[in-house]
Amino acid sequence: RKEVEQDPGPFNVPEGATVAFNCTYSNSASQSFFWYRQDCRKEPKLLMSVYSSGNEDGRFTAQLNRASQYISLLIRDSKLSDSATYLCVIHRSGNTGKLIFGQGTTLQVKP
Amino acid sequence: ETGVTQTPRHLVMGMTNKKSLKCEQHLGHNAMYWYKQSAKKPLELMFVYSLEERVENNSVPSRFSPECPNSSHLFLHLHTLQPEDSALYLCASSQGRGYEQYFGPGTRLTVT
Chain A
1 RKEVEQDPGP
11 FNVPEGATVA
21 FNCTYSNSAS
31 QSFFWYRQDC
41 RKEPKLLMSV
51 YSSGNEDGRF
61 TAQLNRASQY
71 ISLLIRDSKL
81 SDSATYLCVI
91 HRSGNTGKLI
101 FGQGTTLQVK
111 P
Chain B
1 ETGVTQTPRH
11 LVMGMTNKKS
21 LKCEQHLGHN
31 AMYWYKQSAK
41 KPLELMFVYS
51 LEERVENNSV
61 PSRFSPECPN
71 SSHLFLHLHT
81 LQPEDSALYL
91 CASSQGRGYE
101 QYFGPGTRLT
111 VT
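Quick mapping for you: the protein sequence lines, in order, are chains A and B. Counting with our numbering, you get residues 1 to 111 for the letters of the first sequence. Counting with our numbering, you get residues 1 to 112 for the letters of the second sequence.
Quick caveat, the hints were computed from the structure, so don't treat them as lab data. Given the structure is predicted, the values throughout are model-derived calculations rather than measurements. Built from N, CA and C at the ideal position, the CB exists for glycine as well. Among the hints, erroneous ones may be present.
Computed spacing ranges between beta-carbons, pair by pair [stated by the list, open to error]: (1) B:V12 with A:Q108: 27 to 37 Å; (2) B:H79 with A:P14: 46 to 56 Å; (3) A:N12 with B:N57: 37 to 47 Å; (4) A:A29 with B:R54: 16 to 26 Å; (5) A:K42 with B:K19: 20 to 30 Å; (6) B:H79 with A:G58: 39 to 49 Å; (7) B:N70 with A:S93: 24 to 34 Å; (8) B:S65 with A:P10: 32 to 42 Å.
Chain B residues, not near chain A, derived (Cβ > 10 Å throughout) [to be verified]: (9) T7; (10) L11; (11) N17; (12) K22; (13) L27; (14) E52; (15) P66; (16) H79; (17) S86; (18) T112.
When the alpha-carbon atoms are kept at most 25 Å apart in a straight line, the in silico DMTMM-like pairs for lysine to aspartate or glutamate are as follows [as the list claims (entries may be wrong)]: (19) B:K36 with A:E3; (20) A:K42 with B:E24; (21) B:K41 with A:E3; (22) A:K2 with B:E24.
When you get a sec, could you build the whole thing from the sequences and use the hints?
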C-alpha cells in the first residue's frame, strides 16, 4: 500500500464549480501536511500547509482528519488557471526531513 | 536572483559523458534536497543535506554523486548514466527538516 494515496483523476469541472480532493495517508506518525500545485512540465509549488484546525486561503480550504488519516483540499469558484496537478505531501515525525509525495490529482477547469 | 535556481534547465548527454547539475538557494535555508521525477510517477527523493551534511541517500545508484559545499549550493554529478535516468531533476530547500520545501525549476535531462 502506498504511504500517500490520491485519486489521479482527471477531474473535469466547469468554471465556477466547487471541487474537492481527498488524500489518505497510512502512517499515523505523520506530522506535517501540505498541498502543492504542479503545472505541466514545471516544478511543484507550495499551495498551502494544512493545520489541525483547518485553514483557508482565499478560494482554497484545507482540512485534516487525523482520526481517519486523510486531508482534503476544497477549491471554490474554480478558475481556468486552477488547472494543474495537486500533490498531497506529508512529513513523518522523526524523519530526516523527507517529504512523502502522493502521485497527484489532475484538475482540468473548462470554460 | 530569488528563490531556488537550477542550471542547466535542459541537458542532453550520452551514456559515457560526465556532467554536473547545479542548484543555488537564496532563501537562507539550511536543508537542501535532490528529487527525480519521471513521467507519470510521483517525486522520488534522492538525497537530503542538512547543514551541509548528507543525512539521507535514498538507495541511489553511485552514478549519481551529490556535493554540498555550503548551505546555499548543491550539485549533482552525473557519470555513465543510463537512458532510464532521463527525467526531471528537481532541487529543493527548506528552513529545516520537516518544514515546507521550495523547489527550483528543475533540469530536464535526456540520456541518449
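The hints, checked one at a time:
no.: 1; hint: B:V12 with A:Q108: 27 to 37 Å; verdict: 31 Å, holds
no.: 2; hint: B:H79 with A:P14: 46 to 56 Å; verdict: 50 Å, holds
no.: 3; hint: A:N12 with B:N57: 37 to 47 Å; verdict: 41 Å, holds
no.: 4; hint: A:A29 with B:R54: 16 to 26 Å; verdict: 24 Å, holds
no.: 5; hint: A:K42 with B:K19: 20 to 30 Å; verdict: 22 Å, holds
no.: 6; hint: B:H79 with A:G58: 39 to 49 Å; verdict: 46 Å, holds
no.: 7; hint: B:N70 with A:S93: 24 to 34 Å; verdict: 28 Å, holds
no.: 8; hint: B:S65 with A:P10: 32 to 42 Å; verdict: 38 Å, holds
no.: 9; hint: T7; verdict: 14 Å, holds
no.: 10; hint: L11; verdict: 15 Å, holds
no.: 11; hint: N17; verdict: 23 Å, holds
no.: 12; hint: K22; verdict: 15 Å, holds
no.: 13; hint: L27; verdict: 12 Å, holds
no.: 14; hint: E52; verdict: 14 Å, holds
no.: 15; hint: P66; verdict: 14 Å, holds
no.: 16; hint: H79; verdict: 25 Å, holds
no.: 17; hint: S86; verdict: 14 Å, holds
no.: 18; hint: T112; verdict: 20 Å, holds
no.: 19; hint: B:K36 with A:E3; verdict: 18 Å, holds
no.: 20; hint: A:K42 with B:E24; verdict: 17 Å, holds
no.: 21; hint: B:K41 with A:E3; verdict: 14 Å, holds
no.: 22; hint: A:K2 with B:E24; verdict: 32 Å, violated
Hint 22 from the list above is the single one not met by this structure.
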